[in-house]
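Visitor: With the hints as your guide, set chain B onto chain A.
Chains as they are written, first to last, in the numbering used here: chain A, 69 to 144; chain B, 16 to 163.
Where hints are given, some of them may not hold.
Pairs of lysine to aspartate or glutamate residues, derived as EDC-like cross-links and limited to a Cα-Cα distance of at most 16 Å, are as follows [what the hints assert, rightly or not]: (1) A:LYS115 - B:ASP88; (2) A:LYS123 - B:GLU76; (3) B:LYS37 - A:ASP135; (4) A:LYS113 - B:ASP93; (5) B:LYS154 - B:ASP111; (6) B:LYS146 - A:ASP135; (7) A:LYS113 - B:ASP88; (8) A:LYS113 - B:GLU97; (9) B:LYS123 - A:ASP140; (10) B:LYS45 - B:ASP93; (11) A:LYS127 - B:GLU70.
Think of the hints as simulated: they come from the structure by calculation, not from any bench.
In this text the structure is predicted, and so the values were computed from the model without any measurement.
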Amino acid sequence: MPVRTTVDIPDALHDQLRARAEQSGTSVRSLIVRAIEDAYTKPKKGKYVTGPMVKGRGKLGPRFPTDENPYDLILP
Amino acid sequence: MTSFCPDVNVWLALSVVQHVHKTRAWMWLKQLPSDGRLIFSRFTQLGLLRLLTTEGVMGDEALNVRQALGVYDAWVNDPRVEFHAEPRAIGAAFRDSAKPLAGLRAPKAIGDCYLLAFAKQTGATLVTFDKALYALAGKQGCAAAIPH
Chain A
69 MPVRTTVDIP
79 DALHDQLRAR
89 AEQSGTSVRS
99 LIVRAIEDAY
109 TKPKKGKYVT
119 GPMVKGRGKL
129 GPRFPTDENP
139 YDLILP
Chain B
16 MTSFCPDVNV
26 WLALSVVQHV
36 HKTRAWMWLK
46 QLPSDGRLIF
56 SRFTQLGLLR
66 LLTTEGVMGD
76 EALNVRQALG
86 VYDAWVNDPR
96 VEFHAEPRAI
106 GAAFRDSAKP
116 LAGLRAPKAI
126 GDCYLLAFAK
136 QTGATLVTFD
146 KALYALAGKQ
156 GCAAAIPH
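The following block holds chain A by itself, in its conformation from the complex (with noise of 0.2 Å):
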């Protein structure tokens, strides 16, 4: 359940925020919230993924995709 909260904003900030959520077709409020997400959550631990992991050399399927995904797989 969201919790309504005011916060006073630099008008120069909310210039800024109400410009960049303009420019990625997104809200205010999400630019802020993600921000605060971004800065007070704890970092996950985790192993970096090197490379790829399914490393089988055996023979793909003729609908391996190159460039296009393949929607009408993707897709149920």
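Guide: Relative to the frame of chain A, chain B by itself:
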């Protein structure tokens, strides 16, 4: 922080050694800025899982569901990667994205427009090997990149 939204085929190139664009995908990943973040949407998550488990795609290397989930889990455990829930305004953004293509009989446009809408809504750069999708992103003011 800079966010990137790889399409399904880019995730496949990062995951399968035999993908023709594997080297390009990995060079791109290794050159990400230190604060770069890769995001999965539900669409790309399920898409990757479906491709990895489809024999027509993966042939002899097709994975079972457990193995495919293992590949996905390894990605989301990577500190650079995270799953991003569907933004609340995605429906309207998808319709906006599809508006210029509304007169076409083009099933490919449905998936492309969803990816564009998701990238826009999350403020991420769409990453694709598909030149047509890249061009469409440019026309719609969505940041996009093709790994080189």
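Visitor: Each hint: holds or not?
Guide: Consistency of the hints with the structure:
Among the hinted pairs, LYS115 of chain A with ASP88 of chain B is consistent with the structure: their alpha-carbon atoms are about 11 Å apart, no more than 16 Å. The straight-line distance between the Cα atoms of LYS123 of chain A and GLU76 of chain B is roughly 9 Å, inside the 16 Å bound, and the hint therefore holds. A C-alpha spacing of about 11 Å is found between LYS37 of chain B and ASP135 of chain A, which places the hinted pair at or below 16 Å, so the restraint holds. For the suggested pair LYS113 of chain A and ASP93 of chain B, the alpha carbons sit about 8 Å apart, so the restraint of at most 16 Å is met.
Between LYS154 of chain B and ASP111 of chain B the CA atoms are separated by roughly 13 Å; this keeps the pair inside 16 Å, and the hint holds. A threshold of 16 Å between alpha carbons decides the hint, and for LYS146 of chain B with ASP135 of chain A the separation of about 8 Å falls inside it, so the pair holds. Distance restraint check for LYS113 of chain A and ASP88 of chain B: the Cα-Cα separation of roughly 13 Å lies within the 16 Å cut-off, and the hinted pair is therefore satisfied. As the CA atoms of LYS113 of chain A and GLU97 of chain B are separated by approximately 12 Å, the hinted pair is consistent with the 16 Å bound.
Restraint check for LYS123 of chain B and ASP140 of chain A: satisfied, since their Cα atoms lie roughly 8 Å apart, inside the 16 Å limit. Restraint check: the Cα-Cα separation between LYS45 of chain B and ASP93 of chain B comes to about 13 Å, which is no more than 16 Å; the hinted pair holds. A C-alpha spacing of about 10 Å is found between LYS127 of chain A and GLU70 of chain B, which places the hinted pair at or below 16 Å, so the restraint holds.
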